[in-house]
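Undergrad: Next come the chains, spelled out residue by residue.
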Amino acid sequence: MEFIKAGTTIDFLRYVKSAYIFSTALILIGVVAFWYRGGLNYGVDFAGGTIVHVKFSQPTDAASIRAVVSQTDIADITVQDFGQAGDEFLIRLPKSETGVENFSNRIRLSLADGFGEEAYDVRRVESVGPKVGKDLRRKGILAVVFATVMMGTYLAFRFELRFGLGAAIALIHDVLITTTALLVADVEFDLTVVAALLTVIGYSVNDTVIVCDRVRENMRKLRRETLHVIINRSINETLSRTVITTGTVLMVILALFFLGGSVLHAFALVLLVGMTVGTYSSIYVASPIVLLWEKEKPRR
Amino acid sequence: MPQGLRYRILLILGLALWGGIYLTPSFTAALPGWWPSFLPSHQIRLGLDLRGGTYLLLTVDLEKAVENSLDRYAEELRRALREADVSSVSIERRGKTLFISTGSAADRETTQDILAEQFTILEPRVGAGSGGDIVVDLDRRQIDALEQYAVDQSLETIRNRIDQFGVAEPVIQRQGERDILVQLPGIQDPERAKALIGKTALLEFKLVAEEGSNVETETLNGQTLEPLSGEMTKTTYTIEKPTLMTGDGISDARVRPSVDVEGPYVELILSDRGSQIFEELTGDNVGRRLAIVLDNTVYSAPVIRERIGGGRASIHGTFDIKEARDLAIILRAGALPAPVTIAEERTVGPSLGRDSIDQGAMSFMIGGAAVIIFMVIYYNLAGVLADLALLLNILFLLAALAAFDATLTLPGIAGIVLTIGMAVDANVLITERIREEVRMGKGVRAAINSGYERALPAIFDSNITTFLSGLIMFQFGSGPIKGFAVTLCIGIISTVFTTVFCTRVVYDYFLFRRRIVTLSV
Chain A
1 MEFIKAGTTI DFLRYVKSAY IFSTALILIG VVAFWYRGGL NYGVDFAGGT
51 IVHVKFSQPT DAASIRAVVS QTDIADITVQ DFGQAGDEFL IRLPKSETGV
101 ENFSNRIRLS LADGFGEEAY DVRRVESVGP KVGKDLRRKG ILAVVFATVM
151 MGTYLAFRFE LRFGLGAAIA LIHDVLITTT ALLVADVEFD LTVVAALLTV
201 IGYSVNDTVI VCDRVRENMR KLRRETLHVI INRSINETLS RTVITTGTVL
251 MVILALFFLG GSVLHAFALV LLVGMTVGTY SSIYVASPIV LLWEKEKPRR
Chain B
1001 MPQGLRYRIL LILGLALWGG IYLTPSFTAA LPGWWPSFLP SHQIRLGLDL
1051 RGGTYLLLTV DLEKAVENSL DRYAEELRRA LREADVSSVS IERRGKTLFI
1101 STGSAADRET TQDILAEQFT ILEPRVGAGS GGDIVVDLDR RQIDALEQYA
1151 VDQSLETIRN RIDQFGVAEP VIQRQGERDI LVQLPGIQDP ERAKALIGKT
1201 ALLEFKLVAE EGSNVETETL NGQTLEPLSG EMTKTTYTIE KPTLMTGDGI
1251 SDARVRPSVD VEGPYVELIL SDRGSQIFEE LTGDNVGRRL AIVLDNTVYS
1301 APVIRERIGG GRASIHGTFD IKEARDLAII LRAGALPAPV TIAEERTVGP
1351 SLGRDSIDQG AMSFMIGGAA VIIFMVIYYN LAGVLADLAL LLNILFLLAA
1401 LAAFDATLTL PGIAGIVLTI GMAVDANVLI TERIREEVRM GKGVRAAINS
1451 GYERALPAIF DSNITTFLSG LIMFQFGSGP IKGFAVTLCI GIISTVFTTV
1501 FCTRVVYDYF LFRRRIVTLS V
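Those protein sequences? They're chains A and B, same order as listed. Residue numbers for the first sequence follow my numbering, beginning at 1 and rising by one. Residue numbers for the second sequence follow my numbering, beginning at 1001 and rising by one.
What you were told as hints is all true, and nothing was included just to trick you.
Under the rule of at most 27 Å between Cα atoms (straight-line distance), these lysine-lysine pairs were calculated in the BS3-like manner:
id: 1; chain 1: A; residue 1: Lys5; chain 2: B; residue 2: Lys1442
id: 2; chain 1: A; residue 1: Lys95; chain 2: B; residue 2: Lys1482
id: 3; chain 1: A; residue 1: Lys131; chain 2: B; residue 2: Lys1064
id: 4; chain 1: A; residue 1: Lys221; chain 2: B; residue 2: Lys1442
id: 5; chain 1: A; residue 1: Lys134; chain 2: B; residue 2: Lys1064
id: 6; chain 1: B; residue 1: Lys1199; chain 2: A; residue 2: Lys95
id: 7; chain 1: A; residue 1: Lys131; chain 2: B; residue 2: Lys1096
id: 8; chain 1: A; residue 1: Lys131; chain 2: B; residue 2: Lys1199
id: 9; chain 1: A; residue 1: Lys134; chain 2: B; residue 2: Lys1199
id: 10; chain 1: A; residue 1: Lys5; chain 2: A; residue 2: Lys221
id: 11; chain 1: B; residue 1: Lys1482; chain 2: A; residue 2: Lys139
id: 12; chain 1: A; residue 1: Lys134; chain 2: B; residue 2: Lys1482
id: 13; chain 1: A; residue 1: Lys131; chain 2: B; residue 2: Lys1482
id: 14; chain 1: A; residue 1: Lys95; chain 2: B; residue 2: Lys1064
Stretches of chain B that chain A covers, calculated by requiring three or more beta carbons in the stretch to come under 8 Å of a beta carbon on chain A:
id: 15; region: 1341-1354
id: 16; region: 1365-1379
id: 17; region: 1423-1429
id: 18; region: 1433-1443
id: 19; region: 1451-1462
Now the stretches of chain B that chain A is said to cover, found in silico as 3 or more residues with beta-carbon under 8 Å:
id: 20; region: 1468-1474
id: 21; region: 1480-1491
Honestly, the hints are just simulated from the structure, not real lab data. Beta carbons are placed, not taken as given, at the ideal position from N, Cα and C, and that holds for glycine.
Chain B on its own, in the form it takes in the complex:
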């Protein structure tokens, strides 16, 4: 046997073995005990549309993120001014700008000094604009940095929440400027997951306003517990605006079982700094009502009976155990730096996924069988050869999916089915050419040689064009469509390899053995 031919046969056998090894985990229920650990053990990865699950695209509200941090700067500035005994200064945020009005020239100077010393990232302009005599903007770079931070922080928080919620193999990644992509395979209750992920979870401790107080107030929705019936009724609260403490002061949150008529509640364990603040704020406000506000809803507003040390607080409400658990997760994972909105959701239930796999497999079988039978009837032995190439093609295609850890989606299955229909094209081209050459009176060897040679450019060009459209699809498409593009492109490579290279080896082998006297085409 010529050297070249031997190597080609070895290459094909080696690749077939490689394919078989990669596909074994996907097509056996359990790997045999002797399966060595260095061999692949993972199955073909199924897309969400086949295994069921939820895909979410979240958009971070960047405007709000910037406004929130400006609010924080304003709060810090107020504190710094208080410490410097400046009292006649008022700060107001409008959009992304802070307006500071100072009462006297001396106050203005102090404010400017503080801004210059402690708030170097802010850009104060004196005497500009209306509504205040110092106007503070953030520069573009600063805003960019804040936005980046907001997206990164949101991603981290969402990852934390999902990890604690417990989803196998979630995908959480950043997409574009302000979007976060979340994939939750096999999730049973998508609504609950959405609520868990999308909640801003800004926890604030504020005082309920008393009559005659001169602090700015706001009206928030909330609920109160009827002590006798244990029922919750909706009410509104008038709350003092300043936030005394936020969720930052929490180090842990746990679900506690119910006491008396109430459902379970969430116990907060405060950090050292949080305990200190909490102790001070309770100590300063004995006898007043402390509102526990989550995302602008008042959960409870108990009366502070005494100074509370020890770093514990609790949130009561009408929770069932699931809600309490989710709330604890959210509080542990922390608040999102800005609200997120769900820009896109795609959920596939497990039953549809299973049906899709069955239907995909069915069309694969029937379509494949039709092509295989047709090829034998129409092209005789050359058809058998094309069919062998087709089977090898499917083996390589599936093995490549497993080896590259590509995701198989329903359109991806359609891509495989299409590949079956299209793959025989190369063999059709070659065989038709051989038939032509035979008709022109060429000998067996010459007919095969020129058949392959002449068909090759057309095969090459037609596959390249399809490959190009596959690449475009991959570039522009999302999720399932990408899966289609992947199977299409891998299919083209394995098609060219099996239909041109592998079938040629078979012809060459029989030519070498001088077994072919007449061509069965």
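Same shape as in the complex, but just chain A:
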């Protein structure tokens, strides 16, 4: 079986301009969303605070939970529907100035008062103090930056400087667009999201490596051709692999997204967006940058 017939010659680079407009538009949407939402929506990992994940034995609604927990006189409690069944909720409490205060216990007590001891089950409590939150935030940003730089350096070292540069810019592009998706969907930024972003970086660079590897090979083989032709041909030759691998990876990510449970939802979403964008960017961001470089500094 073959999805991509041998000898396929799509002139990918013809659409580079449209791709630039497309990518820029997406990133601009991200900037607008960033401004509109007033920054990234940090989860407790990064913002500090407490979430209590509660599952009720019977479906209930957020309003009645809100009514019950408001008895605790803790300010700024939000209650949020979680999962599909209508019996799971996230109760989010603001951060405290000192360490982690005993908020979760007070929530437990108020729920026991309002609904009865047996009616609910506290499934998860996550509390992060302000100092730890700041620390995790710093580490998260550092990890993403570090990973991007490292990938670029590795490719510059293994291939040529321009490939490294192209890969690094493609990665920044991927991270920005994935972040846009998170901003638009109003998904919280937490540690698992950062882990997913790092995975996207690791896998997205995969595609770039495969294309670059072929470009390098074809540059040796087709000395007379222009880089434009070589890159186009390399993308076409690796297209079948790109489609198949992206396909199998998307299969498992979809399995995680639909079956992996609520805890992995954001994680799978980031991967879903990131992997798709990553494949697109290795064709339309990384390679054109190599070309652009060529125009500035011709090979011969």
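Position chain B against the provided structure of chain A, taking the given hints into account.
TA: Just chain B, lined up with the frame of chain A:
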């Protein structure tokens, strides 16, 4: 069969056997009776997010630790001065500095002598600053040492408390400068554990102030027992500041059953030194009320009727049996040298852990099945080969987790699922290359050879980059994320091994047997 090929086959079979042995404990309910004891018997370790439990990050209040020890030095200095019959000296601590005011030049000289002889670690400066004519600081090294000691001591005390509380396989370790990481797997009542771990548990015996006494006093919250109804009411006490005895004097603490209307109480068994002090302090203060103060709350304040020898004391209060038991544990394990605050808490209930395992397993099965079926449909026999490599890959990956005693977390399961999706990439690259070579008219053997050869650099580079991002995650991530990084990295190693090395052996075997006439790719 060529030697090299035979060794390669043996290596793969040997590793598969090794993997099978390591995974048997994890996938059988009970090991069979004949399972030899030298074989591994532990299961894959599950993270707190899968088995349920509590993760705590505690921060030791180092400022307070230093202040506490300065207070102790001040107390010792006062005693030394009393023994030297110097009475006009007052000592005050402000922050991390002691200010000593002396009444006369002679007193100042004596104080300086005592400081020089007995308190060599303190650094007195004469005539400096306001508020006292001797100013005492701790030097930086001394403060560092005190802080280190405070963290070590807190760690030890917390370990003691948890050991006595009874948690299976707890993890208690130091993290960074001032933090202590505690993991309590499978704990049922996290709130109780938090209370037990976080309490400073500074026990002090002080006198309740009497009217007309000229000792400095403080007001503390407490409770009193109504003798008739047996109810506790909240009150405040005016207590004399000096501490007559602390929890240091305790050698053991036990829960005693209730008497009369009260609940159970905690009996303290004092050490030899503690008994001696207690006997003296009760003897000196017959008729007065002795307040038993725990973390600045007065638990009870009985009247001292007589000199109490025999080294026993007791704490009464409105405890239920659990609270009394926890209090006894805390008192036995001793006080924390400084207060700790909980900087981070993550608790997962057992039901969520179970659901996570089920959901993780489900996405693993469905995702894996989809990939396996797809590969056969798309690549025919080469797809079957890739699938075999994939199954071997999963076996090695799980076995490596068990063998290295790595922790499997929910993101870790996601890492395994992702590895399945990504692992076939190498086989896709190789098979696509072989297809290309065949199209160019190469023979079977040549097509396979150059297919592997040409695909290798790309496989190598793409896996190294993913491995690098895994390492970064391991470096920066915490808990569950580390688990993800571990499965990702192990997955990459076993992927390269199975997809490149193992599948090649199969091709070589059939080539050797001359079974392959046409390629089914």
